[in-house]
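Visitor: Mind the numbering: the sequence shown is residues 35 to 403 in my numbering, read in order.
What the hints contain is simulated information worked out from the structure, not anything from laboratory work. Any given hint might turn out to be false.
[To be verified] Straight-line distance between alpha carbons at most 30 Å, and here's what the computed BS3-like set of lysine-lysine pairs gives: (1) K311 to K281; (2) K309 to K290; (3) K77 to K189; (4) K184 to K309.
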Amino acid sequence: MNKESDFSRGRGKGILADRTGLALAPDAERGVYYSRVFDSREKKTTWHRLRFYGLTGTESSVQVTVYASESRLVMSDGIPVDAEDAIRRGNLSWEELDRCFEPYIQERFTYPQDVLLHRVRGRYLWFRLDMEASGGRLPSLTGAQIYFPKDTWMKYLPEIYQQGEESTSFLERYLGIFQSMYEDMTKQIEEVPDRLNPRTADLPSLRFLAEWVGIEHAELWNEEQLRWLTANAIWLHQYRGTVRFLKEIMKLYTGKEPYVVERHRLEPYFDGSEKEKQLKQLYSSDPYEFTLLVNTDDMETGAQDSTLRQLADMARPAGMDCRIVVLKPYIFLGQYSYLGINSVLGQYKAMELNGLCAVPFTTIAGNER
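Generate the whole structure from the sequences, applying the supplied hints.
Guide: What follows is the structure in structure tokens.
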């Protein structure tokens with residue numbers, strides 16, 4: 035269970051299920067969640083291991099109850115009910131659900147980060163997760179994995195070690211500690227190619243890769259943007275400190291093509307006239323400063339200034355200063371108004387004094403009398 039569709043196939047009360055996993059609702063003191071029914075497709079299956087990923091909370095705040103049966107049909111007041119339908123469709127109340135599932139309880143664990151299921155037998159398996167707020171912390175988890183059938187290192191030992199049920203059970207559980215460590219390490223090694231691929235790496239690995247290839251301010255980017263940046267880092271670094279690099283970074287963040295006004299583009303108009311004074315006022319009189327025009331209609335005004343400044347400082351050429359101008363959708367003469375970019379000429383409509391119309395940012399001048 036590692037994605038939203040897996041979690042949504044279960045049934046929860048006081049527990050939120052989304053693409054990030056399961057978590058106790060902020061306004062709930064306790065929560066219950068029934069997982070979907072897992073089918074091994076073989077009768078009398080002995081299950082091997084249950085592992086939860088990203089489990090948080092205290093040792094007393096999370097409890098799991100494991101159920102197993104040879105049939106998906108369970109009895110509710112003498113009537114056979116499909117366990118999967120009872121969980122997913124909610125045909126039974128929570129009390130009826132607990133009552134009809136009680137005969138199929140096989141194990142209970144407290145804070146089950148990684149537990150063995152060697153005493154759990156049956157073709158079908160499902161579990162109940164109980165969460166409780168404790169110490170001001172809301173327990174949560176990001177995924178779960180069930181291993182089957184039982185596979186222990188006992189098969190590699192001579193038969194003399196498999197004589198006697200009690201001693202065999204102890205040795206299986208003892209070896210299971212080292213077997214679990216070995217299996218987890220082997221899995222991590224097998225997943226190395228995926229963790230090093232920006233398109234398949236999980237978010238923690240992706241942030242590590244981003245830092246590895248020299249991407250600054252990784253916290254400013256969402257997951258999709260960070261994957262693109264990491265995958266194209268080598269190509270982008272070829273243009274670092276150039277207008278092209280600056281434009282690519284800003285376009286990725288804002289979703290719109292920015293405009294860069296450099297000094298050499300203004301110098302042909304510096305003729306000592308009023309035009310030169312106006313250009314210097316708009317686009318700087320400093321030969322070591324350029325102007326970045328950014329259209330950020332969809333961004334929050336409070337956070338955009340500091341964020342754009344961090345990105346501009348990262349992308350600007352060394353020894354150059356950057357003036358950032360956030361374009362507004364208004365027309366002001368002598369200001370940053372560009373036809374078709376942040377202002378358009380729409381259809382003319384006569385003003386009506388009906389109490390509903392307004393004429394903002396418009397000045398109507400006439401002859402004074």
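Visitor: Quickly compare the C-alpha distance for K184 and K309 to 30 Å and report which way the hint goes.
Guide: violated (83 Å)
Visitor: Between K311 and K281, does the CA-CA distance stay at or below 30 Å?
Guide: Answer holds: K311 to K281 is near 27 Å, not above 30 Å.
Visitor: Please work out if K77 and K189 have their alpha carbons no farther apart than 30 Å.
Guide: Given pair K77, K189 holds - Cα atoms ~21 Å apart, limit 30 Å.
Visitor: Holds or violated: K309 with K290, Cα cutoff 30 Å?
Guide: holds (29 Å)
When each numbered hint is compared with the structure, a violation occurs for hint 4 only.
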